[in-house]
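So the sequence lines, in the order shown, correspond to chains A and B. The first sequence begins at 959 in the numbering used here and counts up one residue at a time. The second sequence begins at 73 in the numbering used here and counts up one residue at a time.
Simulated from the structure, these hints should not be mistaken for lab results. Glycine residues also receive a C-beta, built at the ideal position from the N, C-alpha and C atoms. Watch out, some of these pointers could steer you wrong.
Just the calculated beta-carbon pair ranges, DEER-fashion [unchecked claim]:
(1) B:Ala187 x A:Lys1023: 32 to 40 Å
(2) A:Ser984 x B:Asn260: 51 to 59 Å
(3) B:Leu476 x A:Asn1004: 46 to 54 Å
(4) A:Gly1028 x B:Ile440: 21 to 29 Å
(5) B:Leu180 x A:Gly1028: 50 to 58 Å
(6) B:Thr479 x A:Asp988: 56 to 64 Å
(7) B:Asn260 x A:Asp988: 52 to 60 Å
(8) A:Asp988 x B:Lys259: 54 to 62 Å
(9) B:Lys103 x A:Asn1002: 14 to 22 Å
(10) A:Glu1049 x B:Glu264: 47 to 55 Å
(11) A:Gly1028 x B:Leu283: 30 to 38 Å
(12) B:Ile147 x A:Asn1004: 25 to 33 Å
Listed here are the chains, written in short residue letters.
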Amino acid sequence: MKILLACSAGMSTSILEKNMNTYITSKGLDIQVKAMSSGDAKANLNEYDVVLLGPQVRFMEKEFKDAANGKPVAVIPPQMYGLMQGPETVELALKSLENK
Amino acid sequence: MTKIKQSAFWKKSQVVGNKLLELAGRLGNQKHLTIIRDGFAFFMPLVIAGALSVLVRAFIFGGAGAVGTSILGWIGMATGDAVKDGNGEWGFVAGTSLAKISEVGNFLFYQITHATFDMISLYMAFGLGYLLCKGRGQDMPLIGGLVSLGAFLVATFASPSLFNAQGLLTAMIVSFASTEIFCLLQKNGRMELKMPEGVPPAVTRAFAKLLPAIIVLLAVMAINLPFTLFGYLLNTPASTAGVGDSFPASWTLGSAIYAGIQSPFISFASTKEGGLGLALLFTTGITVLWFFGLHGANILGAVFEPIFLALYTDNVNGASNIFVKATFDAFTYAGGSGATLGLIVAILIFSRNKPERELAKMSFGPGIFNINEPMIFGTPLILNMKYAFPFVTTQPILTITTYLGFTWFNIHPVTVMIPWTAPFPIGGLLATALDWKGFVLAAFNLALSFALYLPWVLMWGKRTLGETVKKETVIEAPKTTPVKNGGK
């Protein structure tokens, strides 16, 4: 599974990317995570299975949903994001893929 | 129970911020504004390249009157090849090899600046057309970008005087208008030329763009016509020989847009008071939006970025505007939106609250590079009345001290575009082409942000905030179902 993280410049999501990868490696999961700026993310939507947006760009949710062709797009809750919780974010991605 | 509390917090954010959110959402989702935002973001690597060559010219080759603070200049001082002139400014003695090296080096590195800053409207005309075509679901957006570039060139008589930031508004208007027409003309295959059997589909698709492209360029030419006619009738050239290729760029639509809209606005923005007013509007907007958890700079960027970028390129060409794009990054952000590096330091030194300290510890590293989402969402600073006052006001206050610093101490104008992740206060040194006073001002602003947050850290750091953080953040943040609550 491939998870795409998007925030304004792909900077703060890259911290989250690191934390998620630590969790993924420790669990031996087959998941790839990539953090990008919102512009790049929109251009590369097709290559990913689920899109998670940083809460600060939640106003782009509609923009992304329109572009995602039914792929799950979710906003990471602010508390989870602030503490950069890798495992919880991975769960969030899995859950939004399930609920689709 | 705590779970409920967290979603209650989130809901509060939804309710209180609803109006603002709606407005911001509309601004943030408006197609053309989104495209301007993305267009500038994609252009950034080139801007940074151009800015670095400004720095190399100043610091190594002593360009733009910086001989006294350049490596070549220092060598010259040691060898006697650089001397002070009547005004006390250092310069190379003509004819020396240092003078020649400086001249050649300056010229070569200037080409990178010239090819980026002085051509910005060309890049934008292409990029905006490309992105808009893509956004409208066109199959070959590259062609749309090229048509848009062509339309811009027609609208300016391909005159380099409008390729720089002076042509930015023209590029935006012409690019969007021509691309919209271009896309509209292709709807339902109205303009497709019938191709014989056996022609590869790719060729057919390329031909489908043929008529629309021609019509778009003709249309731009037609809009040019009145301006050209007026220009011609009012100032008929002395000789009409070879007239077709000697009309000045001022007889164009592009020039009219510049003279009628952009120029008056930019002259307002480049007055000191006008610049400060816009800058305060910008920084206050950023912190207020962030208070509601929205990426303020991102939302307002599409409107303010073109203005402050145009002012920046003016600075590169010798103007001395205080507030240009990089001024904000170098002097007001101090650890990210809301200037939170001071808050982090204040917490690390004075707060006895453990969760708060842990968060500050984690946020310190990213904070040095002006990334502060962990602070903003973790503390949280969003809708947190306890830190609302310093969070919203600190960055605007730093904007004012920046203004005063530049006004009183004659600091070198910001001519180097630094990446926004450049650490404070080194960014202040780099942005002002290595003026030590720039470093001091940035350091002062950082210290001021510390001082402005400090009373609140002392007031809340002991108990109340700690309890809030414990309940809402540290223990129960995981395992909520955010998908339903998030967004909207």
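Going through the hints against the structure:
1. For Ala187 of chain B paired with Lys1023 of chain A, a C-beta distance near 39 Å keeps the hint of 32 to 40 Å intact.
2. Ser984 of chain A and Asn260 of chain B have their C-beta atoms about 54 Å apart, which keeps the hinted 51 to 59 Å range intact.
3. With their beta carbons about 50 Å apart, Leu476 of chain B and Asn1004 of chain A fall inside the hinted range of 46 to 54 Å.
4. Hint check: Gly1028 of chain A to Ile440 of chain B, Cβ distance near 40 Å, so the stated range 21 to 29 Å is violated.
5. Take Leu180 of chain B and Gly1028 of chain A: their Cβ atoms lie about 52 Å apart, and the range 50 to 58 Å holds.
6. Range check, Thr479 of chain B to Asp988 of chain A: Cβ separation about 59 Å, and the 56 to 64 Å hint holds.
7. For the hinted restraint 52 to 60 Å between Asn260 of chain B and Asp988 of chain A, the CB-CB distance of approximately 44 Å leaves it violated.
8. Between Asp988 of chain A and Lys259 of chain B the Cβ separation comes to about 43 Å, which falls outside the hinted range of 54 to 62 Å.
9. Checked against the hint of 14 to 22 Å, the C-beta distance between Lys103 of chain B and Asn1002 of chain A comes to roughly 19 Å, which is consistent with it.
10. The hint said 47 to 55 Å for the Cβ distance between Glu1049 of chain A and Glu264 of chain B, and at roughly 50 Å that hint holds.
11. Checking the proposed 30 to 38 Å range against Gly1028 of chain A and Leu283 of chain B shows it holds: the Cβ atoms sit about 35 Å from each other.
12. A beta carbon spacing of about 54 Å between Ile147 of chain B and Asn1004 of chain A contradicts the range 25 to 33 Å that was offered as a hint.
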